[in-house]
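Peer 1: Place chain B on chain A using the hints.
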Amino acid sequence: MNYHIVVCVKQVPVSNNLKIDPVTKNVIRGTEAGVMNPFDKNALEAALKLKERYGGKVTLLSMGPKNFEITLRGGLAMGSDEAILLSSRSFGGADTLATGYVLSEAIKKLGDVNLVLFGRQSIDADTGQVGPIVAEFLGWPQITYVNKITPLTDGFIKATRLMENMEQSIEAKLPVVLTVRSELNNPRYPTPRNIQLSYQKKITIWDEKDINADLNRIGIKGSPTVVRKVWTPEKHEKKTINLNSDPNQAVLEILEVLRAKNIL
Amino acid sequence: MNNNRNEADLMLHQMVLDFAKKEIKPFDMIIDKNKDYPKELWNKVLETGFLGLIIPSAYGGANFNPVAEAETIYTIASYNASLAFTFEGHYKTVNQLMKYGKDSLKEKYLPQATKRVFGFGSTEPQGGSNVLGISGSALKEGNHWILNGNKTMITNGGLAEVYLVLLKTDEDEISCFLVDDEMPGFKYGKREEFFGMRGTPVGEIFLENVKVTDEHLLGSLGEGIEIGNNAHYDARINMGAIAAGIINHALEIVVKYAKERKAIDTPIIELYSIQNKITEMAIAKENSKLLFKEAAQLKLENKPYAKLATMAKSYGSRAAFSSCDNALQTLGGYGYSSEYPVEHLLRDSRALQIAEGTLEKMVVEISTMINKESE
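Respectively, the protein sequence lines represent chains A and B. According to our numbering, numbering within the first sequence proceeds without interruption in unit steps and concludes at 609. According to our numbering, numbering within the second sequence proceeds without interruption in unit steps and concludes at 1068.
Worth flagging that the hints you see were computed from the coordinates, not collected in a lab. Keep in mind the model is a prediction, meaning the values are calculated, not measured. Accuracy of the hints is not assured; some may be wrong.
The calculated lysine to aspartate or glutamate pairs, modelled on EDC-like cross-linking and capped at a C-alpha distance of 16 Å, are [stated by the list, open to error]:
| no. | chain 1 | residue 1 | chain 2 | residue 2 |
| --- | --- | --- | --- | --- |
| 1 | A | LYS546 | A | ASP366 |
| 2 | A | LYS394 | B | GLU740 |
| 3 | A | LYS411 | B | GLU700 |
In isolation and in its complexed conformation, chain A is listed as follows (with noise of 0.2 Å):
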């Protein structure tokens, strides 16, 4: 089957430049020198793999300032095909519920989408939310943290996700959204002839018009989120228990758990 992917990138600061607003604690944005956030990289790898295997279309999807140019060129010069940059003052501010309404709104107006990717989290905010919020407002399942993609005929992927002490194996039917871990390619450079072609391919600007967005739900008007503090989390073990698949041997193993604590 040929896939149309959408892939979600984000621009990101060059690591050592982070800069903090002291009053909103977003992160500042627009001026700062940019890349491409590193596991969106991966998303795209995965989607131009998939491309070259199975036919279709890579469109990279945007949402920032005008100077998230560059970056999409550095996509469309990893081999997209097109690009399309959200950009407009109404969607500054907005929180991850705002830029995954607009995300989601960008990727219904495309219409033929069945397959869309993003990187398991941004470096900079590493809130890891975008990815779900989009397949929530698709109403489309949704399969994170992959770290292997296997299509499979009848429109259905199989994907494996590779969680902290354990890996799961979803099959989902397609249109679906994964969102992607670095283990699961290392992305290509942009080929020195792919850096000239890309600049003979259109970046498409869209704003709030074109996606027949609802004012109240983009921007900070749309971003319930507020910012009050920012700090890394102490990390607390909790005892985990991995349960056989089998579901009857599984039930067997709970009530042994249950029964070893005395609660039946």
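Peer 2: Same frame as chain A, now just chain B:
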């Protein structure tokens, strides 16, 4: 000098830098030790399309200009000079095919030059860069040429698969031909065992009644000397870039070492004798960069660049050798040890005083050019 670079040049620069740091740097010492490029690295070089950097888009290349070409060489040389030297040998040859090749030959071979390494053979066992002393010959036979000769000291000899060779077509007439190693009568000779630049193969080829069509003649009959000289000038820009890259590499090592190494309790970077060496190296690096970039810029603007290119190689090669000597002295025993990279940088840098014309030949050429300018 025009320092304006467009976005594509900047993106290329960033890509080359990323590639050099991630893919080349880990193999720098291994390349010198094994006298070869690891397959893993070489495959990535081919996949990433470095060979097609300067080839026009119509032939499947990337169409980057001479400034981007030289800066790419500089960045690669900052992490491994041998690989930069291999690129230099390829680009020098491809540049001549682009400039002097017949359309039909370019259509056939330029797309191949994005995937196969090309080499330039002018030196023969009995003569160095003096192309007038060439004895290899090309004899016309109907619509074909029959090529015979022995070319040595070919950068990339053995790694390259297609060669431009200078041969005698008449008593006082030198012409340039393209030969493919798949042609009957083409044979490889020995590979040189060299002091430095050990990753770059430098080898020998034999032509024994190799039969080519007229389209394999580059330029017109008797234009071989001009093509050979032009190849030298193109190469010398990149030799200057390699020199600057080697200094950059050595300087990075020296500064890191001098900050960490202490004489009693004082980091040696605070000692005047070390500061003196670092300063000399830093100035040498910037001077070398200015020269090769200016030469490349002149070429980009279609202005005469032979003198600046020759100066870039002449100055750069001496500056690189003395900078590596300073680096070796700063690192002391570690500098002299083959377990650390400075030792091979010194050996690599020495090649630059010989390849593409000896330092002595540079003196003759530069002074002759200056003499002519004053007439």
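Peer 1: None of the hints should be skipped; say for each whether it holds.
Peer 2: Taking the hints in turn, this is what the structure says about them:
Straight-line distance between C-alpha atoms of LYS546/A and ASP366/A comes to about 35 Å, which puts the hinted pair past the 16 Å bound. As the CA atoms of LYS394/A and GLU740/B are separated by approximately 14 Å, the hinted pair is consistent with the 16 Å bound. Note on LYS411/A and GLU700/B: the hinted pairing holds, with a Cα-Cα distance of about 15 Å set against a maximum of 16 Å.
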